[in-house]
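When the letters of the sequence shown are read in order and numbered with the working numbering, they come out as residues 1 to 712.
Some hints here could point you the wrong way.
Okay, the calculated beta carbon distance ranges per label pair [claimed, not checked]:
| hint | residue 1 | residue 2 | range |
| --- | --- | --- | --- |
| 1 | Q563 | K9 | 54 to 62 Å |
| 2 | Q223 | Q29 | 39 to 47 Å |
| 3 | L296 | D57 | 43 to 51 Å |
| 4 | R156 | A272 | 48 to 56 Å |
Dumping the calculated EDC-like pairs for lysine to aspartate or glutamate here, alpha-carbon to alpha-carbon at most 20 Å [what the hints assert, rightly or not]:
| hint | residue 1 | residue 2 |
| --- | --- | --- |
| 5 | K54 | E299 |
| 6 | K569 | E506 |
| 7 | K569 | E299 |
| 8 | K569 | E658 |
| 9 | K330 | D297 |
| 10 | K353 | D140 |
| 11 | K12 | E37 |
| 12 | K477 | D448 |
These are calculated hints, taken from the structure and not from any lab test.
Beta carbons are placed, not taken as given, at the ideal position from N, Cα and C, and that holds for glycine.
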Amino acid sequence: MPILHLDLKAIKGDVVELRYFWDNPNTYQSRSLSLAEIAHLTKDAEERYYVSSKVRDNLATIGRELFNWLDGSDRWLVSQLSERLGETVVLAIATAGQLSHLPWEVLHDGSQFLVQRYPAVVPVRWQSSDWVTRLSAQSDSQNRALRVLFMATSPRSVEPVLDYEQEEAEILKAASRPSIGLTVEESGCLKELGDLADSYGVEPSGRRYFDVVHLTGHATIRQGQPQFITETATGEAHYASAEAIARTLKPPLPTLIFLSGCRTGQAGNGGAVPSMAEQLLQYGATAVLGWGQPVLDIEASRAAATLYEALSRSNPLTEALALTYQALIKQEARDWHLLRLYVSQTLPGALVKPDRTLGWQPAPPPSVATEFLDPLTRNVRVPTRESFVGRRRQLQNCLRALTQFPHSPETLGVLIHGMGGLGKSSLAARICDRLPHFRRLVWQGRVDSANLVNKLAEALEDRTLRERLQDPNEALKFRLKWVFSQLAQGATPFLLVLDDFEENLEARGSGYMLKAPAVEVWQALVWAIRQGNPRHRLILTSRYDFEASDSGVLYRQPMDALQGADLRKKCERLSALKPPQLEPEATEETKQAARELVQLQTQAKQLADGNPRLLETLNSLTQLQQQTTQLPDRQERLNLLQTERQAQPQIAQATTLEQLKADPTDLRKQVIVDQVLQQMDADLQAILSRGLIFELPVPTAAFESVVLPTPP
Numbered sequence: 001m002p003i004l005h006l007d008l009k010a011i012k013g014d015v016v017e018l019r020y021f022w023d024n025p026n027t028y029q030s031r032s033l034s035l036a037e038i039a040h041l042t043k044d045a046e047e048r049y050y051v052s053s054k055v056r057d058n059l060a061t062i063g064r065e066l067f068n069w070l071d072g073s074d075r076w077l078v079s080q081l082s083e084r085l086g087e088t089v090v091l092a093i094a095t096a097g098q099l100s101h102l103p104w105e106v107l108h109d110g111s112q113f114l115v116q117r118y119p120a121v122v123p124v125r126w127q128s129s130d131w132v133t134r135l136s137a138q139s140d141s142q143n144r145a146l147r148v149l150f151m152a153t154s155p156r157s158v159e160p161v162l163d164y165e166q167e168e169a170e171i172l173k174a175a176s177r178p179s180i181g182l183t184v185e186e187s188g189c190l191k192e193l194g195d196l197a198d199s200y201g202v203e204p205s206g207r208r209y210f211d212v213v214h215l216t217g218h219a220t221i222r223q224g225q226p227q228f229i230t231e232t233a234t235g236e237a238h239y240a241s242a243e244a245i246a247r248t249l250k251p252p253l254p255t256l257i258f259l260s261g262c263r264t265g266q267a268g269n270g271g272a273v274p275s276m277a278e279q280l281l282q283y284g285a286t287a288v289l290g291w292g293q294p295v296l297d298i299e300a301s302r303a304a305a306t307l308y309e310a311l312s313r314s315n316p317l318t319e320a321l322a323l324t325y326q327a328l329i330k331q332e333a334r335d336w337h338l339l340r341l342y343v344s345q346t347l348p349g350a351l352v353k354p355d356r357t358l359g360w361q362p363a364p365p366p367s368v369a370t371e372f373l374d375p376l377t378r379n380v381r382v383p384t385r386e387s388f389v390g391r392r393r394q395l396q397n398c399l400r401a402l403t404q405f406p407h408s409p410e411t412l413g414v415l416i417h418g419m420g421g422l423g424k425s426s427l428a429a430r431i432c433d434r435l436p437h438f439r440r441l442v443w444q445g446r447v448d449s450a451n452l453v454n455k456l457a458e459a460l461e462d463r464t465l466r467e468r469l470q471d472p473n474e475a476l477k478f479r480l481k482w483v484f485s486q487l488a489q490g491a492t493p494f495l496l497v498l499d500d501f502e503e504n505l506e507a508r509g510s511g512y513m514l515k516a517p518a519v520e521v522w523q524a525l526v527w528a529i530r531q532g533n534p535r536h537r538l539i540l541t542s543r544y545d546f547e548a549s550d551s552g553v554l555y556r557q558p559m560d561a562l563q564g565a566d567l568r569k570k571c572e573r574l575s576a577l578k579p580p581q582l583e584p585e586a587t588e589e590t591k592q593a594a595r596e597l598v599q600l601q602t603q604a605k606q607l608a609d610g611n612p613r614l615l616e617t618l619n620s621l622t623q624l625q626q627q628t629t630q631l632p633d634r635q636e637r638l639n640l641l642q643t644e645r646q647a648q649p650q651i652a653q654a655t656t657l658e659q660l661k662a663d664p665t666d667l668r669k670q671v672i673v674d675q676v677l678q679q680m681d682a683d684l685q686a687i688l689s690r691g692l693i694f695e696l697p698v699p700t701a702a703f704e705s706v707v708l709p710t711p712p
């Protein structure tokens with residue numbers, strides 16, 4: 001692949017020399033420039049390009065002016081490129097001398113952007129020095145699927161909350177092919193990311209296991225230096241420098257690092273302070289992608305998905321980048337030009353070989369694409385990872401509790417509890433997805449010794465273990481202990497999921513306790529895991545918390561209603577609850593239809609009260625669906641609707657919101673079992689009914705003044 005180098009060299013005083021050459025830095029051509037001319041170009045870019053997209057000059061105009069300046073009166077650029085027709089050309093701009101601060105991605109020849117050409121001319125920012133005088137192409141493709149390590153960061157109290165689930169979902173779509181293996185670090189914590197990367201080790205060739213590390217989140221300038229905002233173990237903001245990221249990932253760094261955060265590819269102080277992407281090169285990175293300005297979430301997501309799909313098809317990095325630019329331009333993406341590639345002394349080619357190559361190794365099926373909590377029996381449907389939103393803190397808490405052995409050996413599992421429809425089974429499925437080194441077994445509803453043994457035996461390949469487990473002449477806990485202890489050495493530990501565990505509970509006073517048949521199972525499981533192999537783990541989902549002997553081995557994770565950004569993101573993924581977005585020139589009729597839809601959406605959200613299942617139920621109502629057909633984005637909503645159909649709870653679609661508000665019985669059945677209502681006396685039901693008028697927390701005195709009877 002031909003590489004056309006651009007480099008600035010100081011000559012004397014305020015005079016610099018712009019050198020350009022192909023392969024041999026000793027056969028360069030040049031022209032003299034003044035530092036004032038470079039400063040003028042930089043100032044012009046700051047005023048016309050590095051501004052809000054609302055006031056940014058026309059990109060084609062900026063690109064044409066930059067092209068003409070570079071081409072000069074002798075038209076050297078046109079001449080050089082004409083010699084390489086039919087080839088993808090890399091335009092390597094040296095990072096020294098603030099030249100890289102100019103918006104090279106928008107270079108325009110008068111008819112199109114250079115990145116739109118076929119084959120394209122692709123700008124990259126190249127870290128030259130007195131010792132590195134040319135950029136060398138590198139070819140070291142692996143005969144296997146592309147390996148991507150993904151981590152989103154979303155610290156508490158950092159605004160705006162990013163739609164990181166959308167970016168992961170777009171990558172997941174690309175990863176549905178066996179040519180991409182996606183591994184997700186859920187914590188948002190840099191240390192946890194490093195530990196996960198370390199757990200995969202270094203290959204015999206000296207390469208790290210992952211080809212790409214993708215970080216998505218917020219970035220900022222702090223104390224004059226670029227920082228990526230990651231999370232602490234408790235979800236607070238932690239500001240990480242380029243050096244901290246490099247130290248965490250450890251050399252040799254992955255071939256490509258994608259910093260999907262605003263301004264990670266933009267130099268500070270008019271180009272005087274290196275960008276975070278450029279700084280990573282100084283700490284050993286080979287290639288780093290970043291964004292030159294704030295970027296829309298959806299466009300960052302699409303860029304990542306397009307890039308990784310192209311890389312997985314064995315396209316060289318620069319060609320994959322060109323395909324990404326072209327796809328975004330075709331989609332009329334606002335921020336396509338902000339994506340920037342920085343490279344050190346070598347330019348990576350294809351990261352992996354084509355999937356038809358002899359001996360090519362596919363990626364394992366992506367664990368994060370689960371549609372069922374129980375993939376074998378397929379009884380418990382849950383949202384796919386693409387449609388799952390929120391619950392970040394709950395997921396982090398549960399993963400931390402399940403993976404902290406041997407630091408906290410007393411914790412053997414988690415109990416996820418809360419009313420129906422809040423996503424307990426969905427959260428359990430996501431936890432299972434994030435623990436691929438465990439073998440998942442799922443029981444739903446009532447559990448007794450027979451069905452526990454039966455399903456566990458089916459998972460054992462050793463006949464002796466199965467027979468010992470099924471021996472009726474020995475107590476259950478001793479059979480379980482013997483099997484677990486035999487699996488202690490090298491075997492994959494079990495992740496035992498007891499879903500809808502409330503079927504094993506009964507009310508006692510103001511709380512819940514185990515039914516008699518479940519006591520033996522519970523005590524046997526806990527004792528056997530403790531004594532036989534404490535690496536096995538338990539996940540319970542239940543509408544109620546409960547008390548039992550040894551129930552302290554469970555980390556309690558309550559579930560509550562979706563709020564704030566999580567609620568917004570959930571509605572964005574529902575065809576009828578997605579807020580309407582209109583162009584300024586929309587007709588009055590369309591604006592009126594949008595206003596009416598917003599009114600219906602407001603009613604639906606109030607009825608659902610943040611419950612995901614109720615949101616999905618109300619979203620399916622004909623009253624809402626018909627209103628969306630009057631909006632210009634109806635095709636996008638139809639696409640969402642087609643993915644929703646199979647997962648909806650049962651409710652008459654002809655029901656109206658007004659009917660449900662007057663008689664919420666059908667909604668109530670979605671989330672509260674009749675037995676709970678039967679346990680409430682009339683006074684308690686009346687108190688709860690009156691309390692529904694409050695949508696925000698209020699002082700006890702205010703609540704009592706409304707719900708309690710007026711004293712005589």
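Checked hints:
Taking the beta carbon of each, Q563 and K9 are about 57 Å apart, inside 54 to 62 Å as hinted. The hinted window of 39 to 47 Å between Q223 and Q29 holds, with their beta carbons roughly 42 Å apart. At about 19 Å, the beta-carbon gap between L296 and D57 misses the expected band of 43 to 51 Å. Our hint of 48 to 56 Å for R156 and A272 is violated, since their Cβ atoms are close to 33 Å apart.
Of the supplied pair hints, the one linking K54 and E299 holds, its CA atoms being roughly 17 Å apart against a limit of 20 Å. Between K569 and E506 the CA atoms are separated by roughly 36 Å; this puts the pair beyond 20 Å, and the hint is violated. For the hint pairing K569 with E299, the CA-to-CA distance comes to about 16 Å; that is within 20 Å, so the pair holds. Between the alpha carbons of K569 and E658 the distance comes to roughly 25 Å, so the proposed pair goes past 20 Å and is violated.
Taking the CA atoms of K330 and D297, the gap is near 17 Å; set against the 20 Å cutoff, the hint holds. Restraint check: the Cα-Cα separation between K353 and D140 comes to about 9 Å, which is no more than 20 Å; the hinted pair holds. For the given pair, K12 sits about 15 Å from E37 by alpha-carbon distance, which is consistent with the 20 Å threshold. Between K477 and D448, the direct Cα distance comes to roughly 13 Å. Compliance with the 20 Å bound is thereby established for this hinted pair.
Violated hints, listed in ascending order, are 3, 4, 6 and 8; each of the other numbered hints is respected by the structure.
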